[in-house]
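Protein chains: 2
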Amino acid sequence: MEKKKIATGEKQFVVGVDVGGQTSKIGVVDARGEVLVQTVIRSDTYGADAEAFISALAKAIKALIKESGKEGQIRGIGVGAPNGNYYTGTIDFAPNLAWAAKGSVPFAKLLSAGLGGLPVSLTNDANAAAVGEMTYGVAKGMKNFIMITLGTGVGSGIVINGQVVYGHDGFAGELGHTCAVRHNGRSCGCGRTGCLEAYCSAIGVARTAREWLEANPEEKSLLRECENITSKDVYEAAKEGDALALRVFNYTGNMLGRQFADFVAFSAPEAIVLFGGLARSKEFLTEPIQKGLNDNVLSIWKNKVKILFSQLKESDAAILGASALAWEL
Amino acid sequence: MEKKKIATGEKQFVVGVDVGGQTSKIGVVDARGEVLVQTVIRSDTYGADAEAFISALAKAIKALIKESGKEGQIRGIGVGAPNGNYYTGTIDFAPNLAWAAKGSVPFAKLLSAGLGGLPVSLTNDANAAAVGEMTYGVAKGMKNFIMITLGTGVGSGIVINGQVVYGHDGFAGELGHTCAVRHNGRSCGCGRTGCLEAYCSAIGVARTAREWLEANPEEKSLLRECENITSKDVYEAAKEGDALALRVFNYTGNMLGRQFADFVAFSAPEAIVLFGGLARSKEFLTEPIQKGLNDNVLSIWKNKVKILFSQLKESDAAILGASALAWEL
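So the sequence lines, in the order shown, correspond to chains A and B.
At position 292 of the first sequence the residue is numbered 324 (this note's numbering), and the sequence of numbers has no breaks.
At position 107 of the second sequence the residue is numbered 139 (this note's numbering), and the sequence of numbers has no breaks.
In case anyone wonders, no lab produced these hints; they're calculated from the structure.
Keep in mind that a hint or two might mislead.
Repeated chains share a single entry, so a pair holds when one copy, or any two copies, can fit it.
As the list claims (entries may be wrong) - Straight line, CA to CA, 25 Å or less: simulated DSS-like cross-link-like pairs of lysine-lysine:
(1) Lys172 - Lys345
(2) Lys338 - Lys91
(3) Lys345 - Lys141
(4) Lys334 - Lys134
(5) Lys314 - Lys98
(6) Lys102 - Lys134
(7) Lys314 - Lys91
(8) Lys336 - Lys134
The shape of chain A in the complex, shown without the other chains:
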């Protein structure tokens, strides 16, 4: 017992792995959230062969640990992955991962075996981001907050009493799929309609811009010059003062804030933390989000809930989030 305690005490480094559709990022991280070394491997060249990918990942992790000079001092591996389940350690039916698209992959178990039994903790990417913010970021010291990731989709990680909410089955925190538009809502990737994600993701923002350009053929806009509008184009146009682009952000932020009002009624968080590609449009989103929230929230929470933007270095954030999981091992 005593021996184990000392050994754990010596293991002052963790590995963070962010599994993505095209690539996976790996980093060795210290207790302060410094990424000592990092690397990237492909995730999309293994077809349906999960074991081949996990074997390549284990190899890359071992090489990176060696490079860091911290062999024998690694407490464990934290993995953030789409549809990653914290309870079971599996990645289940993840449409963007060919090797996990059609079933349940016992990812944590296989990776741990490939690393000589090093403990592996796994969760979905938004939950990992929440743990990262709580461990190293703007939510440090907070016991109650909600992380919203505004990327291709809208993800979320909910922290209550200092713990990520996993729910009965490990799948809690799907706030991107709460209903934002009840009637005639846009179709969503999940097969339903009106989800928050269909409007307030990067894809949603681009879609709003395209719809409004078509609906207002007379209105001039810089966006008319774009062939295939992305949320980045809308951001660039807004920076140039383009009225339509500015309205798109106003609409998007307002809808986010309005939806946040319901989230606040649920868990009364100290803050809502925004992260992800679209959150870089902070200058255009902050005000409408705050207005949307204050106009729609119960009066006891008006002007009480902080809207914060992640300040973790973009290139490190995904690794940090995943790595933070491993401190609990």
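Chain A is already provided as a structure; the job is to place chain B on it using the hints.
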């Protein structure tokens, strides 16, 4: 230290107090959830004088403990009250309690002082109901569930990882005030529009019936005979097969189920437990709730979340819920 431990071990009884607008119920309860003795006092005859009410309450509690024969064996007092705050032990701006309508009353502190220092734990009535279900009721053994109280209003108590969610400020779990109808929604007692409570409370059900009777002047309905329709009238009519009344329950249940879909996306509960006057209409609500939920929830949760109805004896339930708080003291 040791002495205290033994003393606590001997204190095998708790007192539950349910503070309501007109009356407050008090009971002495054992560890199995048996209400040994109970009594009722008025809460509405003290004007704005909170101390006078609390003093009368303390007196009634002392007398009841004496009657139970368990003096010296009481672990503590659990109180469920509208707008009761678990963290601060205060009742804040509770519109239905004249003595707590205009400010914050340090209820737990005053009551404890009036009882010679016996510890007092306080929360709102819906949270108390959740603790009661978890301790003695259909949610016994569950770590993740949501309690919905369908009474005059719609309240909620959320349990995650076996703990009631209080949030950053103690006010979490206001699910009756999440948005059910986005545009042209009914005005709600909270000053906003479209809240779930405006539709799916006892008052909401009666209002739906009245609106539909007016909107369909040709349609025959037993409810046309009622002077001032209540949800109980709607229930009685539905039992007689009245088509309009049945449609009202269908509409209400469907809306509840649809809203539950968003709650499930938040905390992935094992069950949603219904309680309160309107929940007695179980026979007409179960199916539409389940349909509303399954039609609107993310596919991973279809047919996975149990809809349960409280089975605690109606007369004991409020006391039991409040008393259950005191086991944590």
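Tested hints:
1. With identical chains, the CA atoms of Lys172 and Lys345 are at most 25 Å apart within one copy only, with a shortest distance of 15 Å there and 45 Å across copies.
2. For a Cα distance limit of 25 Å, the shortest separation of Lys338 from Lys91 qualifies neither inside one copy, at 42 Å, nor across copies, at 44 Å.
3. In this assembly of identical chains, Lys345 and Lys141 lie within 25 Å of each other by CA distance neither inside one copy nor across copies; the values are 30 Å within and 47 Å between.
4. In this assembly of identical chains, the alpha carbons of Lys334 and Lys134 lie at most 25 Å apart only when taken from different copies (18 Å versus 44 Å within one copy).
5. When the C-alpha separation of Lys314 and Lys98 is checked against a cutoff of 25 Å, the pair qualifies neither within a copy, at 39 Å, nor between copies, at 63 Å.
6. When the C-alpha separation of Lys102 and Lys134 is checked against a cutoff of 25 Å, the pair qualifies neither within a copy, at 37 Å, nor between copies, at 61 Å.
7. Within a single copy, Lys314 and Lys91 get their C-alpha atoms no closer than 39 Å, and across copies no closer than 57 Å, so neither meets the 25 Å cut-off.
8. For a Cα distance limit of 25 Å, the shortest separation of Lys336 from Lys134 across copies, 20 Å, qualifies, whereas the shortest one inside one copy, 44 Å, does not.
Checked against the numbered hints listed earlier, the structure breaks hints 2, 3, 5, 6, 7; every other hint is satisfied.
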